[in-house]
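Please put together the full structure from these sequences, using the hints given.
Listed here are the chains, written in short residue letters.
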Amino acid sequence: MKNDNLIYYDIVKSLKTTPDAEEFLLQLDNLLTKLFKINPDSLEKNLKKIVSSKFAELFKESFKINNINQNDHSAIEKFLNSIKNQIQQLNILKLQLAFDPTEETIDTLFRWIAENYGSGIILDIHKDESILGGAIVTFNGKYKDLSLRKRFEDTFQKNKIDLKKTIAR
Amino acid sequence: MKDFTAYLNQIQEIGYVEQISDAIIYVSGLPEVKPDEIVFFETGDFGQVFTIDFSLIEVLVFSKNSIKPGTRVARTNDVLQIPVGFELLGRVIDPLGNSIDSIKPLKKAEATRSIHSIPLGIAYRKTITAPFETGVSIVDMVMPLGHGQRELIIGDRKTGKTNFLMKTVLSQARKGNICVYASIGKKKIDIKQLEEFFIKNDIMDKAVIVASGSEDEAGLIYLTPFTAMTISEYFRDQGKNVVVILDDLSTHAKFYREIALLGKRFPGRNSYPSDMFFNHAQLMERAGNFITEKGEFSITCFPVAETIQGDLSGFIETNLMSMTDGHLYFDIDLFYQGRRPAINPFLSVTRVGRQTQSNLKREINREIMSFFTLYEKMQSFIHFGTELNENIKATLATGEKIIHFFNQKYQEIVPINLQLIFFVMLWGNVFEGKDFEAIENDFEKITIAYQSDPKIKLQIDKLIEIDSFNKLLAAVKQQSQNILKLASKYGK
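If you read the sequences in order, they're chains Z and P.
Quick note: the first sequence uses this note's numbering, first residue 1, plus one each step.
Quick note: the second sequence uses this note's numbering, first residue 1, plus one each step.
Simulated from the structure, these hints should not be mistaken for laboratory data.
If you're wondering where the values come from, they're calculated on a predicted model, not measured in any experiment.
Every residue, glycine too, gets a C-beta built ideally from N, C-alpha and C.
Hints may be right or wrong, so weigh each one.
Unchecked claim - Which residues of chain P face chain Z? A partial, calculated answer using Cβ under 7 Å:
#1 L8
#2 N9
#3 Q10
#4 I14
#5 L30
#6 P31
Structural data, given as structure tokens:
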């Protein structure tokens, strides 16, 4: 990510998968709609009511770092919209796995990607048992089938005649 | 063609459908896709890359199946290829090369060809020298054409353009040439009638009909003339003279405009895209007289354009005029006067046809054209009635006879040598005192005799070998009674 976006770094870094990003964007939208209601609650109250505790802490910290006045709703709106924009621009790496990954596995995968390809990438994980094992990776229009199913298919295709003979015996 | 997964695994690039706007589908991904490349949708449909933008690719689809956003797309690393081969003869196919007639399925083609090929360069082209016979007297005698010529057929709707083209196809197929008819966005009934005409006249084995219906997808209609031209090129390379008819390019331009506007291209004159001229010119460039590995063979092209109330100054019409070697103008006024074909010789042009004519034909051509000019002038004296002098009266009477002579029945074709003899007979007053019905009857008898009696055919063909009009006039006057006597056995 570029340097001028570092202010959002903590928030963006905390989003690892597309469901995370969707949930965060939903909460952010709710927060935005509450900002300009008649007799609005204080931002503190809204963060407590609408936003999950994990994200509420991140928001508070960001406001502090960026010197956002919590009573200036226009500044808050501008700030939230820029975060929203940033999240919508994240690159998605699509992973098809044969199992449901645990939080720990997702963490490991996310960290490995961030270390090797940089930040700004989130995971879109789908479970497809038919691939048997391995993964199908789709990123930036590139497609790589690294599944066990593909391995088997290739092996069967390669040794078709030998296999037929073995079965016939 | 392979299936979607096979292409995905082979090329290892994926795209997703983002937006759909009728024939154009916007796809994200596919980072290394090329212009004109064929892409495959996971639904089994395929399309051609139309434009490549920074974030999205525009794909022109060829099927009417609904494709939803989110559908996966794979590259094929190949441009659109259509099957070509002699098994296409006698068949009606769609622009993708699939059979759409009711007969048995199409055999596997000998080869495939890309529909967008680069036209052969100047080193492979030769001057047009062979005359092209249409079987229509006014064209063969007044507006002669040559093999490899690109002649625009232009006129209002229902002025006999298709009828003229059918006669041309009939005439050429009987000479053993291959005819490729592109029916662009026509009604299904018109396509069926065309097929039936070919079957009825026993020329289907020399013809291929490439047809797209008006209800077909715009992408498919857009491809029709390109497919027809690709098939023509194949037969040319196999050592055949080909006639290709593109009926009609006004409709083609309208569908291309629809696609371009959907693709958000900037609209130019009459909302046509800026590459409209290029689109048709690249097609016209593929026709001509060529030097191939098998010798000198030609693709004679007849693009058709429809005018509105005789307006020749339309965008598509003038574009086509500038990229062809002349045009035959079907005049609605002449059509209402009962002239068939309603070709206006004063507004028609042939740029290369006259160079293919023999001395005799050129002399006759000059004679007719100067007479037509005189006759046109004399027409303004008609209202003087009885006060006209004998000379004017004679000119008007001859003019009427000549005009009548150029009228041809529906689907009637006349061999060029007979056309010349008939004209000379008329000019030499051989039928003096006879009304036109009797003259027509004599013509019919001579035609049948020419087609069935080798002796008469030889006699007439020998007459045409004479190299001057005056000599021929004298010879015909001398032999006409003999010809009429011999021919009297034939016909009614």
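For each hint, the structure was consulted:
| no. | hint | result |
| --- | --- | --- |
| 1 | L8 | holds, 6 Å |
| 2 | N9 | holds, 6 Å |
| 3 | Q10 | violated, 10 Å |
| 4 | I14 | holds, 4 Å |
| 5 | L30 | holds, 5 Å |
| 6 | P31 | holds, 4 Å |
Hint 3 from the earlier list is the only one contradicted by this structure; the remaining hints agree with it.
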